[in-house]
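Visitor: All chains should be modelled from the sequences, with the hints used to inform the complete structure.
From first to last, the protein sequence lines stand for chains X and Z. In case it helps, our numbering puts the first sequence at residues 1 to 435. In case it helps, our numbering puts the second sequence at residues 1 to 404.
No incorrect hints appear here.
Restricting the straight-line Cα-Cα distance to at most 27 Å, the calculated cross-link-like pairs of lysine-lysine (BS3-like) are:
1. X/Lys74 - X/Lys199
2. Z/Lys291 - Z/Lys247
3. Z/Lys291 - Z/Lys259
4. X/Lys74 - Z/Lys259
5. Z/Lys291 - X/Lys74
6. Z/Lys240 - Z/Lys104
7. Z/Lys392 - X/Lys328
8. Z/Lys240 - Z/Lys259
9. Z/Lys104 - Z/Lys33
In short, the hints are calculated from the structure, not lab data.
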Amino acid sequence: MAGMGEEEDLITEEDPLTGQGDGSARARRSPCSDPAHWLHRIVVLVFMCFLGFGSYFCYDNPAALQTQVIQDMKLNTSGFMQLYAWYSWPNVVLCFLGGFLLDRVFGIRLGTIIFASFVFVGQIIFASGALFNRFWLMEAGRFVFGIGGESLAVAQNTYAVNWFKGKELNLVFGLQLSMARLGSTVNMNIMGWVYDRIKDLMGSAGPTTLGIALMIGATTCLFSLACALVLGFLDRRAERILKKEQGKTGEVIKLTDVKDFPLQLWLIFIICVCYYVAIFPFIGLGQVFFIEKFDFSPAEARAINSVVYIISAPASPVLGFMVDRTGKNVLWVACAILATLAAHMMLAFTFWNPWIAMSLMGLAYSLLACALWPMVSFVVPEHQLGTAYGFMQSIQNLGLALIAMAAGAILDNRGYLFLEVFFCACICSECYLSS
Amino acid sequence: MDIGLVQSSTFILCLLIHCTSGLTGDEDDYRRKVSMELNPGQSEPSSGVDVVHVRAVGSDDTLHFLFCNHRAPALMLVHTNSSFSNVHINWTAFLNGNYSGSLKVVPESSVQFSSALVFTRLWEYDDVNDTADPEHLPPSSFFPSYELQDFSWNIRNATYNLTTHTATLCGRNSSNSFMNGFLCLAFSAFESRGRDSEWPGLLHNANSSQLHVWLDNVIPRSNQSRFILEVQSVSSAEQKGQVDVLKSIDDEYTPSIFKVSQWVSSPSNASSEILGYTQWKPVAYRTEHPKFEDATPCRHSDPVLVSELPPSGWVQALFRDGLQTSTLNITFSIAGDPFYNTTNYLSWSVLVGLGNPPQDSFSPLVLTIMAVGLGTPLALILFGGVGAGIFKRNQHPQGYEPIN
Numbered sequence: 001m002a003g004m005g006e007e008e009d010l011i012t013e014e015d016p017l018t019g020q021g022d023g024s025a026r027a028r029r030s031p032c033s034d035p036a037h038w039l040h041r042i043v044v045l046v047f048m049c050f051l052g053f054g055s056y057f058c059y060d061n062p063a064a065l066q067t068q069v070i071q072d073m074k075l076n077t078s079g080f081m082q083l084y085a086w087y088s089w090p091n092v093v094l095c096f097l098g099g100f101l102l103d104r105v106f107g108i109r110l111g112t113i114i115f116a117s118f119v120f121v122g123q124i125i126f127a128s129g130a131l132f133n134r135f136w137l138m139e140a141g142r143f144v145f146g147i148g149g150e151s152l153a154v155a156q157n158t159y160a161v162n163w164f165k166g167k168e169l170n171l172v173f174g175l176q177l178s179m180a181r182l183g184s185t186v187n188m189n190i191m192g193w194v195y196d197r198i199k200d201l202m203g204s205a206g207p208t209t210l211g212i213a214l215m216i217g218a219t220t221c222l223f224s225l226a227c228a229l230v231l232g233f234l235d236r237r238a239e240r241i242l243k244k245e246q247g248k249t250g251e252v253i254k255l256t257d258v259k260d261f262p263l264q265l266w267l268i269f270i271i272c273v274c275y276y277v278a279i280f281p282f283i284g285l286g287q288v289f290f291i292e293k294f295d296f297s298p299a300e301a302r303a304i305n306s307v308v309y310i311i312s313a314p315a316s317p318v319l320g321f322m323v324d325r326t327g328k329n330v331l332w333v334a335c336a337i338l339a340t341l342a343a344h345m346m347l348a349f350t351f352w353n354p355w356i357a358m359s360l361m362g363l364a365y366s367l368l369a370c371a372l373w374p375m376v377s378f379v380v381p382e383h384q385l386g387t388a389y390g391f392m393q394s395i396q397n398l399g400l401a402l403i404a405m406a407a408g409a410i411l412d413n414r415g416y417l418f419l420e421v422f423f424c425a426c427i428c429s430e431c432y433l434s435s
Numbered sequence: 001m002d003i004g005l006v007q008s009s010t011f012i013l014c015l016l017i018h019c020t021s022g023l024t025g026d027e028d029d030y031r032r033k034v035s036m037e038l039n040p041g042q043s044e045p046s047s048g049v050d051v052v053h054v055r056a057v058g059s060d061d062t063l064h065f066l067f068c069n070h071r072a073p074a075l076m077l078v079h080t081n082s083s084f085s086n087v088h089i090n091w092t093a094f095l096n097g098n099y100s101g102s103l104k105v106v107p108e109s110s111v112q113f114s115s116a117l118v119f120t121r122l123w124e125y126d127d128v129n130d131t132a133d134p135e136h137l138p139p140s141s142f143f144p145s146y147e148l149q150d151f152s153w154n155i156r157n158a159t160y161n162l163t164t165h166t167a168t169l170c171g172r173n174s175s176n177s178f179m180n181g182f183l184c185l186a187f188s189a190f191e192s193r194g195r196d197s198e199w200p201g202l203l204h205n206a207n208s209s210q211l212h213v214w215l216d217n218v219i220p221r222s223n224q225s226r227f228i229l230e231v232q233s234v235s236s237a238e239q240k241g242q243v244d245v246l247k248s249i250d251d252e253y254t255p256s257i258f259k260v261s262q263w264v265s266s267p268s269n270a271s272s273e274i275l276g277y278t279q280w281k282p283v284a285y286r287t288e289h290p291k292f293e294d295a296t297p298c299r300h301s302d303p304v305l306v307s308e309l310p311p312s313g314w315v316q317a318l319f320r321d322g323l324q325t326s327t328l329n330i331t332f333s334i335a336g337d338p339f340y341n342t343t344n345y346l347s348w349s350v351l352v353g354l355g356n357p358p359q360d361s362f363s364p365l366v367l368t369i370m371a372v373g374l375g376t377p378l379a380l381i382l383f384g385g386v387g388a389g390i391f392k393r394n395q396h397p398q399g400y401e402p403i404n
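Guide: Rendered as structure tokens:
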């Protein structure tokens with residue numbers, strides 16, 4: 001990724017070993033089945049984008065069905081947030097190991113299929129936990145799902161780097177991110193409707209209804225698994241035809257590098273954690289907030305909860321372009337932090353239309369992602385980038401796991417205002433750091 | 001950035017207002033000396049008719065609370081401008097059924113304001129379609145109502161407490177549903193400002209009293225039963241024709257509830273002045289020590305005038321005929337919420353008092369976090385912005401500089 005910004009496109013390079021015979025063989029293939037042709041690569045791109053769709057769709061299933069999960073499984077909010085905490089726990093460790101596993105142990109193709117299977121199996125276990133009315137099984141399902149989810153993203157990026165190079169890569173990353181956000185949005189807006197239809201069919205709400213709805217959600221994971229298989233097949237075929245190597249993540253994780261990290265990098269880590277913990281747990285708990293405070297209907301509340309994702313889908317490429325051109329990353333990070341603070345304050349202290357606040361939050365979230373992650377590469381030498389990114393992901397997941405549980409506990413005892421003030425305080429602490 | 005500054009300054013202004021009102025809230029810091037007695041002036045042993053009389057004496061006025069159980073349970077409030085007023089009950093006349101005039105607050109000329117809140121009926125309906133919308137259900141969905149005036153009430157001995165000024169009244173009728181169940185009302189009077197420890201954590205002051213109403217272990221008559229409580233109110237002043245629902249951003253003390261309902265009485269010629277109020281948060285709870293998920297919203301209907309005084313002997317003893325009585329219904333639960341039979345428990349709290357209803361404000365913890373957390377970065381930004389502006393102005397290019 002960072003270290004592979006070559007000018008030429010590897011795939012279209014003439015391989016000196018093929019000779020004349022293969023060249024004519026290649027010429028006989030139709031554009032769609034010719035791995036070197038752009039049409040074929042678009043087909044591969046489509047499968048690559050949908051690879052992550054299932055994982056992002058199912059990640060926010062609890063948020064889309066918050067009231068139903070709490071009522072059917074008889075939980076309180078802290079229990080509900082455990083579903084998010086358990087997703088994050090395996091990734092505290094896996095972010096370091098993911099690249100290593102993909103490069104050395106499994107290879108990209110097998111690794112992707114394995115992680116996609118984890119995602120699918122995890123969601124099935126999660127749904128079964130609901131069907132059999134066993135909450136511990138649901139938590140276990142989220143754990144398994146978590147093992148697959150984040151590593152699948154690493155695999156997706158690796159495929160992208162392998163098939164696309166140079167200027168195309170930014171566009172591909174942007175598209176993949178947009179597809180991910182699309183998955184989240186579709187989930188937010190559809191799962192509630194799916195649950196209601198099943199409730200009508202079954203006649204009543206209950207763990208079984210929830211389980212069936214979640215099983216239906218698992219079909220997206222099956223679809224992602226299918227994409228992983230197809231991608232594996234296409235990649236192997238391309239390797240055979242073009243004689244290119246299996247892609248590698250390029251990450252070199254050396255834990256001893258951690259002691260060399262400069263202070264600015266630690267500040268970036270803390271900003272990253274403090275920021276994302278004020279966004280994702282809020283979205284996780286947002287539906288009931290909008291229903292209670294702003295008198296939204298459940299469908300409207302789900303829609304507004306998904307606004308952050310809907311906006312970041314088109315905004316990420318645009319804002320990324322802007323940040324690339326102007327270059328003042330620190331300034332943009334500060335802007336994003338202030339905008340999110342303003343959004344949380346609007347939601348906490350006023351009754352103004354929450355669409356404004358959530359749209360602002362969506363823009364700020366996209367801006368921060370575009371501005372913050374590249375900053376790591378400015379601050380850290382290239383051979384330590386893998387470790388730095390792995391560490392950043394790891395701390396982010398640790399923070400999310402802990403804060404998810406804390407947010408649930410705060411809400412149970414002190415209500416939404418206190419929770420919002422807590423989020424504002426997290427963001428304010430970043431203001432100190434970014435200045 | 002500009003929007004953020006405007007919002008922040010508005011917010012800081014609100015903070016300051018809250019702080020100062022918290023510091024100088026003189027009406028809410030008012031203290032009263034509270035004393036409680038049971039059945040004042042009764043010489044014979046208890047005849048099953050009880051009235052708890054609470055005298056809350058201020059510097060130059062007295063607030064009398066009468067919590068009584070003859071027929072429909074009622075809470076009455078009488079405000080006098082003398083610190084020596086007292087109640088006088090003609091027990092013989094009352095027990096013979098001559099209610100009118102048997103309860104007086106003397107001296108009668110000192111009485112400024114009086115009101116009563118009476119609990120008259122408990123409705124139960126079968127919510128087949130889970131809509132929690134009884135106004136649009138056919139009459140066949142409704143079971144025969146429980147007339148609270150026909151219940152037999154007694155004050156539980158253990159809960160009649162002279163030090164904490166509390167008393168609990170529990171009643172049941174002879175039907176099977178109430179075999180092991182009760183409808184209870186717990187009354188509390190207060191000496192000064194404070195807040196209930198259990199949710200909904202209503203804020204009270206020395207001019208208020210609280211009633212906590214709960215339905216415990218009653219056997220519902222269908223699997224999808226929901227309840228409605230009918231209350232009636234009489235006042236010597238004019239009661240507003242509607243209940244005001246105030247929105248608040250603060251849900252610290254009642255998580256996820258951002259509204260307060262209040263029903264006020266004002267003099268007929270000055271509707272901006274408030275003489276008395278009934279205040280509640282539109283939430284009921286499904287367990288005795290509720291958690292976040294045990295909350296269920298409740299709605300109220302608009303007050304409707306009725307022609308007769310409420311069916312409570314003591315209310316008819318104190319109030320003369322001809323005063324306006326209003327009635328309204330509190331409907332519990334909304335569509336999709338669990339039914340009564342999931343926990344067989346439902347509770348609701350209401351505040352009845354004199355003067356302006358208490359207003360919630362931020363807790364000191366929240367204020368501290370906000371002041372420290374938000375104030376410092378804002379100051380940094382302000383000074384940073386001003387400093388940068390000055391710096392830039394000093395750096396303003398002078399135009400062409402000579403080459404040599």
